[in-house]
Structure formats: C-alpha cells, structure tokens
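Everything in the sequence shown is counted per my numbering, starting at 1260 for the first residue and increasing by one.
These are computed hints drawn from the structure, not numbers from a lab. Hints are not guaranteed to be accurate.
Listed below are the simulated SDA-like cross-link pairs for lysine to any residue, each with C-alpha atoms no more than 20 Å apart in a straight line [stated by the list, open to error]:
{"hint": "1", "residue 1": "Lys-1524", "residue 2": "Trp-1720"}
{"hint": "2", "residue 1": "Lys-1524", "residue 2": "Arg-1715"}
{"hint": "3", "residue 1": "Lys-1524", "residue 2": "Arg-1380"}
{"hint": "4", "residue 1": "Lys-1524", "residue 2": "Gln-1470"}
{"hint": "5", "residue 1": "Lys-1524", "residue 2": "Val-1604"}
{"hint": "6", "residue 1": "Lys-1524", "residue 2": "Asp-1547"}
{"hint": "7", "residue 1": "Lys-1524", "residue 2": "Ala-1539"}
{"hint": "8", "residue 1": "Lys-1524", "residue 2": "Pro-1726"}
{"hint": "9", "residue 1": "Lys-1524", "residue 2": "Arg-1734"}
{"hint": "10", "residue 1": "Lys-1524", "residue 2": "Phe-1371"}
{"hint": "11", "residue 1": "Lys-1524", "residue 2": "Asn-1375"}
{"hint": "12", "residue 1": "Lys-1524", "residue 2": "Trp-1698"}
Given the structure is predicted, the values throughout are model-derived calculations rather than measurements.
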Amino acid sequence: MGAADRGWPTDDRGAQPGLSRRVRDVLAQSCRRRRRSQRRGARHALLRQGRAGTGGPRGPCIAALPVPRRRRVRRGKLTVRRLFDTLAEVLEAQARPGELLVATLEAEASEFVRFNHARVRQAGRLERAVARLRLIDGDRQAGCAVTLPGLGTGRDGVAARIAEAVVDLRAAVAASEPDPLLDVNRSPVVSDDDAPDAVFDRAAFVDLVAQAAGDADLVGFCAAGPVARGFCSSAGSRQWYRRDSLAFDWSIHLPDDAGTRRAVKAGWSGPALDAAAVAAAIGRSRADASVLARPVRRLAPGDYRVLLAPRALGDLLEMFGWGGFSARAHRTGQSPLGRLARGEVSMSPLLSVVEDLDAGFAPAFQSDGYPRPRRVPLIERGRLVDTLASPRTAREFGLSSNAASDHESPESLRVAPGTLRADEALARLGTGVSVSNLWYLNWSDRAAGRVTGMTRFASLWVEDGEPVGPIEAMRFDDAVHRVLGDALEALGDTPLRMPSTDTWDSRATGGLEAPSALVSALRFAL
1260 MGAADRGWPT
1270 DDRGAQPGLS
1280 RRVRDVLAQS
1290 CRRRRRSQRR
1300 GARHALLRQG
1310 RAGTGGPRGP
1320 CIAALPVPRR
1330 RRVRRGKLTV
1340 RRLFDTLAEV
1350 LEAQARPGEL
1360 LVATLEAEAS
1370 EFVRFNHARV
1380 RQAGRLERAV
1390 ARLRLIDGDR
1400 QAGCAVTLPG
1410 LGTGRDGVAA
1420 RIAEAVVDLR
1430 AAVAASEPDP
1440 LLDVNRSPVV
1450 SDDDAPDAVF
1460 DRAAFVDLVA
1470 QAAGDADLVG
1480 FCAAGPVARG
1490 FCSSAGSRQW
1500 YRRDSLAFDW
1510 SIHLPDDAGT
1520 RRAVKAGWSG
1530 PALDAAAVAA
1540 AIGRSRADAS
1550 VLARPVRRLA
1560 PGDYRVLLAP
1570 RALGDLLEMF
1580 GWGGFSARAH
1590 RTGQSPLGRL
1600 ARGEVSMSPL
1610 LSVVEDLDAG
1620 FAPAFQSDGY
1630 PRPRRVPLIE
1640 RGRLVDTLAS
1650 PRTAREFGLS
1660 SNAASDHESP
1670 ESLRVAPGTL
1680 RADEALARLG
1690 TGVSVSNLWY
1700 LNWSDRAAGR
1710 VTGMTRFASL
1720 WVEDGEPVGP
1730 IEAMRFDDAV
1740 HRVLGDALEA
1750 LGDTPLRMPS
1760 TDTWDSRATG
1770 GLEAPSALVS
1780 ALRFAL
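Generate coordinates for the entire structure from the input sequences, incorporating the hints supplied.
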C-alpha cells in the first residue's frame, strides 16, 4: 500500500488551485539535485499550468512538471471497505439497549484533471470519507456528519471520533421532539455490490487528450477513481456499493475572431478509460466545432422541428426529478406531472421511463436502510404508472413505499430506446434545429407542466438534412406533455449513458440513460 493510500483526510478540502509549494520547490532545484523520478525524460508527459507561457501562446505558465508514465494509481478498494466494516463494528459497540445507531458512508478516492487549451491547468488527488450518523431512541432522533480519520490511525481513531459524536447526539435526542414520521429499517440487511478495480494512468490520459485535441481549444474536466456508499447499523445491517468510474466533460471553443463566443460541449464516461472511444468523441467535437464557424442564423419566435441529442433529452428529463415523480409532490398538488397523473393529458406511446438500478448508477439501498427494488416503471407508453415514495411519505399518506430517497428523485433513470438510427436522424429532421444541450431549465408554470430553458452550445440550423450553421441562443417555453406527447415523432435506437458529474460537495452517484428524440414542434419564445 502506497503512502497515498494509507489515510483518509480529516477535512473536506479539495485539491489546491495550483501546483503545490513542494512541487515548486522541486522545480526550482537544479536537475542534478532532483531525484531520478523527478527529472524530465522521453518517458514523461508534461503537466502544463494555464494558457499563456514564457515561450509561446501554448507553453506553460511556469516550468513544466514531468509526470512519470509508469505511475499508475490503484485505488484502495480494501482500504475503503475496511473503513466501512470498522464503522459498522463501532456502531454495534457504541449503542446502548433501546438505541439504534445508523450511518451512511460517503467515500471517494478521486483523481482530478482540469484542461485549458488541451493542456493541464490543474491536477490533483482527493481522498474523503464522511459518515452521516443518526441516533434513534424510540420515536426521537438526532443526526450529524462526521469526517472519518484514515486507517493509519486504526480502529481506535474511528471509535474515538464516533464516540465523541454519539455523546453529542444523546444530548440532542434528549432535548428533541418525537418524530411521528420516523421510519428506519431496524432489521439487519447485508448486501455487497462491488465493481472490479480500475487503473487510471493520468499521464497516458493527458497525452491522449493532447493528441486527440490537436490545436483545438479544448477546455475540460476529468474525475476518475472509486466512489463508495454504505449503510450500516447497530442492528447488524451492512449494505455496500462501490464503483470505479471515469467521467470527462469538455468543450471545444472557437477562436475569438469567430465573432460571438461559440463552443461545442461533449463528454465521455465509463468504468475505465477507453482511449479509442475518447479520441473518437473528441474528434467528433472538433468536426462539430467547424460548423460553428459559419454565419449565425437568427430565428424568429415560433414552433420548429427539433432533433434533441441524448444530452438535451436528458436535460429535459432531469426536470422530472423536481417533483415530477415524487409521491409527496403528487399528494400535495405540487407535481408538474399532476395533469398526467390525473389522466387529463398523456404523453406519446413511444415514451417509457423506468427507475432501473441495473444501470449501475446508484446503490440499491437508501439512507433509512431499506433495500430498493431493482426496477420501478414510472411511465409506460406515455402514461404515468407509478411514483417514487420514500418511507416518510409512505407513512404520512398511507402509501406503499418503494424505498425512494428522501427527495424522491430518480437516481438511475432509463428511457426505452426507439428505432431512429443516428445516421438517419438529420435526414428525418429535414429542416429544423439540431440541439446538443439545453440550459437554465426551470418550470415556467409548474401546475401546467410548462418548462422553459435555453439553447446554447452547438445548436445548429439544418436544411434538407444538412447542417447550415449555428443559431443564436434561443429561449423555449413549452409543455412537457406536448413535447414528449403529440410532438414526439421518434426516439433514437442507441441510448447514451450519462452518469452525474456533480462534484460540489463530493463526487455524486446517480445518472440516466436516454436516446435522441425527434420532435415535430418545440416552441421558441424569444
């Protein structure tokens, strides 16, 4: 086990925004004083910081940092799992008679690489483990978040931190009010969903991006490594989920002399790096960017035929997570799909949507310790057939729970594909707009199911199946039951996997899988 794998951090700080002081000290040394592994050679890739450079517009801002090609970081699968097992043992030891201690573990060991002009702007590594601890005594509860120490401190270090938190929680529970909706699984459940290890070679990845991008202005962000989630309790529950993944989001920007700022946004993700697939995806982005250099077309407000790329359809479907599938939102009259639930409107029979844990985006348990069903059909042939009900919502409204999360949003959504082939999509569109992404979405009229948003990156005007040029950013405002109802002509035959790339507090789990969508009319308001 390497030094980097021995411990987990005791705080939530991420990577520093520049090269560390230690690295600067190393770079300041003469080549003779540096260790052999720190010297530049033919077998090294260069990490470059920033756009501008001392010797040219694409050179490094400061001296290049050589990264050995042989350095492969193998993530600590056993390390994280031992931490989880230790946490479970500590909970069982700390609980008093009549008490229930439960914890959800959020852990990651992540490599981050940020690109600017297809050169490395920032690179770093983050290890983090947080236990969200709850103490339940009868119908009272209290909770807190505890950052766990590394395994280098041993079991006693974890036990000491949990014991300190439990003392505070007991005081909080004694002063708390009863919670009539409290519903936690008090039965022991054991499950293990652990994917194989993957190896992330940072230097090889940097070289791959630089070669595939060429002279294009690629700006991007990559996050790689394992993400783990666990639920354990003093009653004996141990439910475990771990995935290795790599997600790379990027944009190809046009030179400033192209007029208004234009760019193509794209991404690739998988359990491990597929060099050929990433290179091909970057190549497609460069080809799409060449179309953006053509004159911009300004469209008048009105209805237009639209081809939504999988990411654009995914952006639209993510809005359904804002109460669309929530049992609580439907019961309280706040769901944007309320009219669909009441049968006042329907969507296209081409549309079927399911919460499917077999997609692998999310764990098969939730924060109250209840196992989740593998599949929950939500929309079948255009009709809403079920909702996501958390244990609290089920208890409050007398429903059957399907172990949804507290926010009752989909975490592993799949849209059934159709028959539209990718090489025929533009021809089927004919004349209209090809949209790669949708932005700034919100409900303009929640009760009516109207959604608004904007086009932005790489939205193209198409005539007779051929891209003509980019359009100015447009705002659309339309009812989802119309766009995905009577206006839905076809769905693509190849869904795209889109795991969540959120990294605000930690690397998120969750995601969706969706194809493209051909729509006969999308209403652009301005």
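How the hints compare with the structure:
Between Lys-1524 and Trp-1720, the direct Cα distance comes to roughly 17 Å. Compliance with the 20 Å bound is thereby established for this hinted pair. This hinted pair checks out: Lys-1524 and Arg-1715 have alpha carbons roughly 9 Å apart, not beyond 20 Å. Proximity of Lys-1524 to Arg-1380 is assessed by CA-CA distance (about 18 Å); at most 20 Å being required, the pair is judged to hold. Among the hinted pairs, Lys-1524 with Gln-1470 is consistent with the structure: their alpha-carbon atoms are about 18 Å apart, no more than 20 Å.
Between Lys-1524 and Val-1604 the alpha-carbon distance is near 34 Å, which puts this suggested pair outside the 20 Å criterion. About 10 Å separates the Cα atoms of Lys-1524 and Asp-1547, which keeps this hinted pair within 20 Å; it holds. For the hint pairing Lys-1524 with Ala-1539, the CA-to-CA distance comes to about 14 Å; that is within 20 Å, so the pair holds. Note on Lys-1524 and Pro-1726: the hinted pairing holds, with a Cα-Cα distance of about 17 Å set against a maximum of 20 Å.
At most 20 Å may separate the alpha-carbon atoms for a hinted pair to count; Lys-1524 and Arg-1734 meet this at roughly 18 Å. Of the pairs offered as hints, the one joining Lys-1524 and Phe-1371 holds, with about 19 Å between alpha carbons and a cut-off of 20 Å not exceeded. For the suggested pair Lys-1524 and Asn-1375, the alpha carbons sit about 14 Å apart, so the restraint of at most 20 Å is met. Between the alpha carbons of Lys-1524 and Trp-1698 the distance comes to roughly 12 Å, so the proposed pair stays at or under 20 Å and holds.
Hint 5 from the earlier list is the only one contradicted by this structure; the remaining hints agree with it.
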